[in-house]
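Quick mapping for you: the protein sequence lines, in order, are chains A and B. Residue numbers 1 to 178, in our numbering, belong to the letters of the first sequence in order. Residue numbers 1 to 380, in our numbering, belong to the letters of the second sequence in order.
In case anyone wonders, no lab produced these hints; they're calculated from the structure. Please read all numbers here as calculations on a predicted model, not as lab measurements. Check before you lean on any hint, since a few could be wrong.
Cut-off 30 angstroms, straight-line C-alpha distance, at most; resulting in silico cross-link-like pairs (BS3-like, lysine-lysine) [what the hints assert, rightly or not]: (1) K282/B with K202/B; (2) K202/B with K275/B; (3) K325/B with K302/B; (4) K124/B with K202/B; (5) K325/B with K151/A; (6) K162/A with K302/B.
From the structure, some residues in chain A lie toward chain B, with a derived Cβ separation under 8 angstroms [as the list claims (entries may be wrong)]: (7) F22; (8) R31; (9) Q35; (10) A47; (11) F61; (12) D62; (13) L110; (14) H130.
Idealized CB from N, CA, C, for every residue including glycine.
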Amino acid sequence: MDDLALAAALAENDQAAARLLFNRYFDGLYRFLRQLTRHAEDAEDLAQQTLIRVIRHAGRFDGRVALRSWIYAIAVREFGRWQRRRLWLPLPINLRARGDVVESSTNAELLLSALAQLSPAHRAAFLLHHVEGFSIEEIASVQHAPVGTVKSRLHVARGHLKRLLEQEEFYVTEPSRV
Amino acid sequence: MSLNHLEFDLAVQELRDEAPFPEQRQRGLERVLSRRRRSPKLPLAVGAAAVVVGLSLLPLVSRRGGGYAWAEVLRRTEGAENVHCVTYNAAGQPVGELWRSGVMRASWGRGEDGRIRFEDRCDKWTFYSFVYWDSLKGPNARQFAWLWDVTPQMLEGMKRFSRPRMVVEDFMNTRRTHLVRQERVEVDGRTLQRYVLLMYGKDLETVEADPGSGRILTIRSRFGETCRYEYPETVDASVFSYRSRISRDVIVFDRRGHPDPQHEPPFMPPVIQAKGGIQLRKASVSTDGTLYVYWTGHLPDKNEAKRLRILGTRTGRVKWLGYYKDGIHPVTGPHAKRLVCYRVELPEKVGDKITIRVPWGPRIVEFRDISLEKPQPFTE
Chain A
1 MDDLALAAAL AENDQAAARL LFNRYFDGLY RFLRQLTRHA EDAEDLAQQT LIRVIRHAGR
61 FDGRVALRSW IYAIAVREFG RWQRRRLWLP LPINLRARGD VVESSTNAEL LLSALAQLSP
121 AHRAAFLLHH VEGFSIEEIA SVQHAPVGTV KSRLHVARGH LKRLLEQEEF YVTEPSRV
Chain B
1 MSLNHLEFDL AVQELRDEAP FPEQRQRGLE RVLSRRRRSP KLPLAVGAAA VVVGLSLLPL
61 VSRRGGGYAW AEVLRRTEGA ENVHCVTYNA AGQPVGELWR SGVMRASWGR GEDGRIRFED
121 RCDKWTFYSF VYWDSLKGPN ARQFAWLWDV TPQMLEGMKR FSRPRMVVED FMNTRRTHLV
181 RQERVEVDGR TLQRYVLLMY GKDLETVEAD PGSGRILTIR SRFGETCRYE YPETVDASVF
241 SYRSRISRDV IVFDRRGHPD PQHEPPFMPP VIQAKGGIQL RKASVSTDGT LYVYWTGHLP
301 DKNEAKRLRI LGTRTGRVKW LGYYKDGIHP VTGPHAKRLV CYRVELPEKV GDKITIRVPW
361 GPRIVEFRDI SLEKPQPFTE
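This is chain B alone, in the form it adopts within the complex (with noise of 0.2 angstroms):
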């Protein structure tokens, strides 16, 4: 049969000219008077057909769950609270975990070189962040991770993307996710209902989930990732600390309660000592392993620069003398103006104090014994 046939206008016709049966019309109106959608009746040889082979096939046929109802499905999940899962490289190798207990949320991701990367804990109020970085390397040198309040942004994200995908149902939340089968299989002495599903159309993921609860158990990539899913009974309260787990002495910015860093005033710490006409305001160690000093009164041009020093501990390359630049916000003002920033690599460990000479003219002026502040362990 070919289109080429066809008659366009007719066929046209013949659509608009299709009509429901009358019974159809009749059952139709019954049930939109009554309010009360049904499937239409079968005829009755046809209907005892149906159900007879249907329930002979329930145990071959999955809706959803594995044979269960849906909101069965839905309700064993849910009281479901904890969730370990394993995320597995092709090679075998555990390359990333999720914990998760109630509103309370943990994970971390190892990188291609098999270095832990990064590592997130949050609950409804709080959320940590730690990244590993190559480059933090240096002796005086710390890794950092944060903490953060939640805002109402932040919770909606972690409402999108947080949830592990317990149930197939999940998946079905993806764009262009399609069932391409579904089979009853048995793996490692154990009946698990299997499903194919092609995702973005283009990649074939297979799901297997357990036929009584309809969680799913693992989940497979067509790159070779397993993810393996556990619902423990407990989990251990230490998964959720806000410490991190790879590096004991990795630093946490705390910054809750914090107001947004845009709202902020400029920056200006408060003065440490004033001394020829120069006030010194704070002297840190960053978490890269630089020395930071700040003052204000003076600007050493180039050739007093030359004789700036910093005693108690070898400096090397100057990575920058000049005003104190904000990155955040545009610094305004008189003081935040004249703000000194002198930055400078350590490439030795650094005691507790240091002594600052900032040349001005003919003359040095010299701050004795400085605290110097550096990024203090986070205690719960």
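For reference, chain A alone in the conformation it holds in the complex (with noise of 0.2 angstroms):
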């Protein structure tokens, strides 16, 4: 089913359509929002809610982006509205769940925590480029920025990265906000 069939689909309430948009979609979703709020509960949270945003406003989906794109340029509204709720909701517990990795211990959260010191929109393009596989110009759209935007985003990240390499002692440590 291609993607404009897909949200005629969706659009039409049509349980199969959901699960099949699920089953393309949730993992990645969920893989990309967990790296950017590095936040398992809250990723996932957040994976749902793309989806069921998906869902509802399928009808206005017109081809004119990929729907890979579309549903991922929610996703990182989604994102914001998490980052400025997230303000106003200081925890008195923090409780990490299952998935939350506390030491960071594997080269995947090691590069995490470096990109955790760039800017969300900069993460985001690194991580849509080199781990979800998006061209610049998808990442464009999901974005909403010029191409030029998003190669100087991602110049910028991986020239973080590269002098964070160079550094002969780079201390891990939590970001104080994402």
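Fit chain to chain and form the complex, with the hints in mind.
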């Protein structure tokens, strides 16, 4: 089923299409949002919310961009909402869920720690390109930014990592804010 | 642990291999199919503990409105139709005031010298604006204000910028604002919720709000300015009157119902008197206290200008003698090109009538007892 047909079926409230959508995109969305938020529960919640929004607004999808880009653009907006909401929720207890990495012990978590020092836009561009395999044009449509801006973001992210790699000692610290 | 031990490709591959746990997929699928988003389930014991801890900390932890649901805060805030905000400088002197009641809004601000410098009032339809000008000090000068029809563009701007910050959430609508911390404090025996916000990445602002209603009560900037908010039951209607509260003799130019100046025809007042080939069209005192006389027929040259006289009052320096130039739109057409403007300073209070002598060659064309147009006070 191609993008437009899937969107049309979703707009018709087709449960099979919703299941297909979930199977196609949930894992990737969860991965992207988990690495962006570094919080497993919130990533799960955001991925669910993204897909629910996709189903609710599937009738608006016009095929000008790939469905995947459209869905990830919604995910990025959900992430933005999460960031703003998070400022108002200073939880008294910080319960860590399964999937959260408390101690950065793997290469992947080291990389995420380094990326955490970048802005969310730079981080999202890096993750979309290197992990999710988006092209620069696709990232531009996800982030609603010019292609040049996306290239610049990727360049900055790579430069930042390169500088860290050149340092003798890089202390892994939790980001003060995501 | 050092990052220089990091193998980039391996790290990226690890990121690519990440996947949700089966129970996460199952939960996600159920919620997506049912279109109901819920927070992920916590293990029962942890969830119960969180509820107990959360309930015990409820009075200490604020969510947006100091413990109230956000919808409740909004409802209460919307109910507060009247807002009065006074801004004080670091020395504790009031430097600005804002009133709002429904769609009506009024404000004034004081300059560094302590003088009130501006006032404005508006509702959905009319915008009143007054700015105090130091230069308007002559014996005939008058401070002035404007009344405009509110255009859709102005309304849009007012919606964006005129909303007083009644709840902390309003601060979050500004770019790059972050909550640094919040705490419950006692001020003068009253319990308040205090928020410290970092705005634009550099300015710290402290906001104190009523924990019950969520309404902002004070805002303090790092420069020492403090805004104090009140929410009165009623507001005196005179607060929103289109009259200056600073100076009684402020002239109000009522531009309501006038077309856009860009689309008005070139300025050409009607003829008052015609004599000797000269048509006198207008004599007026402007708000800056200078006399303007307009006529058509002849522009005196340099020598003739020495014999141009205004009788009935003392005159000072001539500021302009030439064809009238309109700064808004190009003056076109033969009449507009021939309109002569004579502008002269008036060092003393002028009466209601003057006599004008316009030289033309050896002749003098005299216009006697010409009524002076003066800015008229505004009547609502």
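Interface hint status, Q35/A versus chain B (Cβ within 8 angstroms): holds (6 angstroms)
Hint check, R31/A versus chain B [nearest Cβ-Cβ separation less than 8 angstroms]: holds (5 angstroms)
30 angstroms limit on alpha-carbon distance, applied to hinted pair K202/B and K275/B: violated (70 angstroms)
Hint check, F22/A versus chain B [nearest Cβ-Cβ separation less than 8 angstroms]: holds (5 angstroms)
Satisfaction of hint between K151/A and K325/B, Cα-Cα up to 30 angstroms: violated (53 angstroms)
Residue hint H130/A, partner chain B, criterion CB-CB below 8 angstroms: It holds, given that the least Cβ distance between H130/A and chain B is near 5 angstroms, below 8 angstroms.
Distance restraint between K282/B and K202/B, which requires alpha-carbon spacing of 30 angstroms or less: violated (56 angstroms)
Restraint check for K124/B with K202/B, where alpha carbons must lie at most 30 angstroms apart: violated (35 angstroms)
Restraint check for K325/B with K302/B, where alpha carbons must lie at most 30 angstroms apart: At roughly 19 angstroms apart (the allowed maximum being 30 angstroms), K302/B and K325/B satisfy the hint.
Closest C-beta approach of A47/A to chain B relative to 8 angstroms, hint status: At 6 angstroms from the nearest chain B Cβ, A47/A passes the 8 angstroms test, so the hint holds.
Given pair status - K302/B, K162/A, alpha carbons within 30 angstroms: violated (77 angstroms)
Interface restraint verdict for D62/A against chain B (beta-carbon cut-off 8 angstroms): Nearest chain B Cβ about 22 angstroms off; hint violated.
In terms of the numbered hints stated before, the structure departs from hints 1, 2, 4, 5, 6, 11, 12, listed from lowest to highest.
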